[in-house]
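Student: Please assemble the complex out of the two chains, which come individually in their own frames, going by the hints.
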Amino acid sequence: MASMRDIKSRIKSVGSTQQITKAMNLVATSKLQKSKMILGESRDFYNKTRDIIVGILSDSENADNDEAINSIFLEKRKVKTTAIIVLTSDRGLCGGYNANICKETYKKIQEIENDLFLIIVGSRGAEFFSDKGIEIKETYKGISEKPSFEDAFRIGNLISKLYKEEKVDEVILAYTEFESVISHIPNLKKVLPLDSSDFEEKNEKNTKTGYNPLMIYDPGKEEVLNYIIPRYINTVIYSALSESAVCEIGARMTSMDSATKNAEETIDKMTIIYNRARQGAITQEITEIVAGANAL
Amino acid sequence: MANKTHLKIITPYNISFDDEIEKILLTATSGEIVIMANHAPITFILEECIVKIINNENKFYLTIMGGSVEVLNNNITIITDAAENPDQIDVDRARYSKSRAERRIDNKNSSEIDIERAQRSLRRAEIRIKLGVMKR
Numbered sequence: 001m002a003s004m005r006d007i008k009s010r011i012k013s014v015g016s017t018q019q020i021t022k023a024m025n026l027v028a029t030s031k032l033q034k035s036k037m038i039l040g041e042s043r044d045f046y047n048k049t050r051d052i053i054v055g056i057l058s059d060s061e062n063a064d065n066d067e068a069i070n071s072i073f074l075e076k077r078k079v080k081t082t083a084i085i086v087l088t089s090d091r092g093l094c095g096g097y098n099a100n101i102c103k104e105t106y107k108k109i110q111e112i113e114n115d116l117f118l119i120i121v122g123s124r125g126a127e128f129f130s131d132k133g134i135e136i137k138e139t140y141k142g143i144s145e146k147p148s149f150e151d152a153f154r155i156g157n158l159i160s161k162l163y164k165e166e167k168v169d170e171v172i173l174a175y176t177e178f179e180s181v182i183s184h185i186p187n188l189k190k191v192l193p194l195d196s197s198d199f200e201e202k203n204e205k206n207t208k209t210g211y212n213p214l215m216i217y218d219p220g221k222e223e224v225l226n227y228i229i230p231r232y233i234n235t236v237i238y239s240a241l242s243e244s245a246v247c248e249i250g251a252r253m254t255s256m257d258s259a260t261k262n263a264e265e266t267i268d269k270m271t272i273i274y275n276r277a278r279q280g281a282i283t284q285e286i287t288e289i290v291a292g293a294n295a296l
Numbered sequence: 297m298a299n300k301t302h303l304k305i306i307t308p309y310n311i312s313f314d315d316e317i318e319k320i321l322l323t324a325t326s327g328e329i330v331i332m333a334n335h336a337p338i339t340f341i342l343e344e345c346i347v348k349i350i351n352n353e354n355k356f357y358l359t360i361m362g363g364s365v366e367v368l369n370n371n372i373t374i375i376t377d378a379a380e381n382p383d384q385i386d387v388d389r390a391r392y393s394k395s396r397a398e399r400r401i402d403n404k405n406s407s408e409i410d411i412e413r414a415q416r417s418l419r420r421a422e423i424r425i426k427l428g429v430m431k432r
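Just so you know, the sequences run in chain order A and B.
Numbering (our numbering) for the first sequence: 1 to 296.
Numbering (our numbering) for the second sequence: 297 to 432.
Isolated chain B, as found in the complex (with noise of 0.2 Å):
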């Protein structure tokens, strides 16, 4: 029973996740990391991306909007902006948001932060849409 550790995520509107698991698998800046039960204390930076949890041959997903991780004494805390389950994304309009993004990038009169906050919202519709279309 040892081998589980605790899975706490935090947005600023809610604790979204906060149960025990078995690992957890996350895009971190410098690459994937899959983190078990008592890893040692590290702190890292998250990319946009899609974590896997793994719990009692469960397997479940969620979208991470970027953030930071802690991991300390067998917990590991992850701060996000949003974080979304798959019934949560709407592809529809992921894809709408995708095609605005790309076009405002396209755009030559887009001025530099414009383009910043398309490729943002790009990315993130990006990773909404392929957990969103690999559930179905």
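Isolated chain A (complex conformation) (with noise of 0.2 Å):
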């Protein structure tokens, strides 16, 4: 059994863990709250983007003289590169969060037999595809906890230009869907080129927003949707980079509060054991009194 000394300072050190692992649950629980404000107050600028695409999309659908509008995000070109955006964090302590996006975006590497050109946002996924041996094209460090929407617009940009470069002819986007705070799902998303179906399904619903027969585009309908397409691919990235940055806490949170009960429990088998070698000094200390006092 060990010693009763050696007992005692693993306590103590089990102790100051929680105390650290507490005090990150709390941090992570307040920063929670602001991350999920943030990605509320997203919304609204990536539901009046869209808004504007299906409004442009069902207007040439509904034209009568055929124009079809051709918009280089829009045609499926053959695939020769694709481009694949993860979401990870800068940092670990947040459970199985980045395992799971990483494994979900590796299983898609392994099937895609076309070229890759890899952009990785925080140092944990970069890691993890380096261990792999897998190139990375690009990485971005220091904004997973907190996306501002300019880092958004870095990364929008340089996919929007390749893009119409023809250097990448298709691009995923993999980052994690927050359900609730327990649950968050790694999603692979494809962000260019765009699915006009994808438009269609939400202007059945909301026709009177998105349609009107009598709206005038100016310069023209092909401009602004041209122009409006690489500024929502800005703000995808930005609600996908919200809602990770939302997982990331989340699951920090959760890590860090099984963690804390976790060293609770520990705390309390050790005490037990320690009290046990307590008496059991006790003990022998009396017998060997006792037995000393007889020898006499």
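Don't take every hint at face value.
[As the list claims (entries may be wrong)] From the derived model, a few chain B residues whose C-beta atoms are all more than 12 Å from chain A:
1) Ile317
2) Leu321
3) Ile350
4) Ser364
5) Glu366
6) Glu380
7) Asp386
8) Asp388
9) Arg389
10) Arg396
11) Asp402
12) Asn405
13) Glu422
[Stated by the list, open to error] No more than 20 Å apart at the CA atoms, straight line, and that leaves these computed lysine to any residue pairs for SDA-like:
14) A/Lys48 - B/Asn310
15) A/Lys164 - A/Asp115
16) A/Lys137 - B/Asn310
17) A/Lys161 - B/Glu408
What the hints contain is simulated information worked out from the structure, not anything from laboratory work.
Don't be surprised by glycine CBs; every beta carbon is placed ideally from N, CA and C.
Tutor: Put into structure tokens, the structure is as follows:
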């Protein structure tokens, strides 16, 4: 059996670890509230941008003269290079958050037969994929927990540019969807080329905001569309970044919560062992004294 | 009373304006546009510009960093990356970023992307300075 002093120092060390995890849990809880709010605030922007695209697409569909809209962002071309953007965190201690999204992406990468253009957000993801020996073309660090629109803008502009120059022919965004505090789903979403059927679905439900036959587009439908789509991509990336941030913090909160509970249990268990050892020592001492007295 | 229209300015971070107004003056890619109440439905692209909003004899100005405008059912919706009122503008900072952008454009070693970015930030800085100085 370990000595009393050993047990005591272990209890102490578990106790201080518990304090850290407890503090991290509290920090994560308050951050979660904040980042949830940010996620909500960007909704309006996203919806409105989407509405305009819905409007333009349904407008061209309903037009009698078949003015088909040609946009490089809508047209499907033969895929030679696939770009994947993976959103992970910079720091660990957040349960299976990074492992889940990386695993899901890795599966996808193995399915892809053409060239790959990998963009990683967060150093955890960068570590994972460089360990696997996959070439990473671009890494963004320090933005995972508190993404700003400028960050999304930078990534969005990069991919829009690559796409326009036909350096990549398909763009997939790998992020974690936030369902509830305990349920986060890794998700792969195709952002480019845009699938016009994605936009049809919605305009049936809200024809009121989407389609208006009298709408004038200045300078022209195509120009507006080609201007809006890269911005739409930016907002998609921004909401994915914010959503992943909420997941990261949520995952950290739950894992820190369970770590705190775990430490509690360990301390309880070790206290029992410590008390047993203490009792044992007292009993032994009494036995020795009694034996000594008897010997006299 | 019927000659009022509703204006909403949406940025990624918040809704920075949401109120009834009489008219608004903006710069679209095809030129300056004034929108008054009951305007026909139109969607257009905005330049980085200073917008002038007029409501009951009150005039106020905002800088808008590009974006798009949709007018529908007497509602104007501006979607932009950033909207600032004169109080939020830091003229010194704008001056600094203007000179930095100019240096970058002059520098022969800058890549194409850098120059493109510098030109954007130059435009932004210029309109910020314009509005910031005007208000002083």
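Student: So, for every hint listed, does it hold in this structure?
Tutor: Structure-based check of each hint:
no.	hint	result
1	Ile317	holds (18 Å)
2	Leu321	holds (16 Å)
3	Ile350	holds (22 Å)
4	Ser364	violated (6 Å)
5	Glu366	violated (6 Å)
6	Glu380	holds (14 Å)
7	Asp386	holds (17 Å)
8	Asp388	holds (21 Å)
9	Arg389	holds (15 Å)
10	Arg396	holds (16 Å)
11	Asp402	holds (23 Å)
12	Asn405	holds (20 Å)
13	Glu422	holds (19 Å)
14	A/Lys48 - B/Asn310	holds (13 Å)
15	A/Lys164 - A/Asp115	holds (17 Å)
16	A/Lys137 - B/Asn310	violated (33 Å)
17	A/Lys161 - B/Glu408	holds (12 Å)
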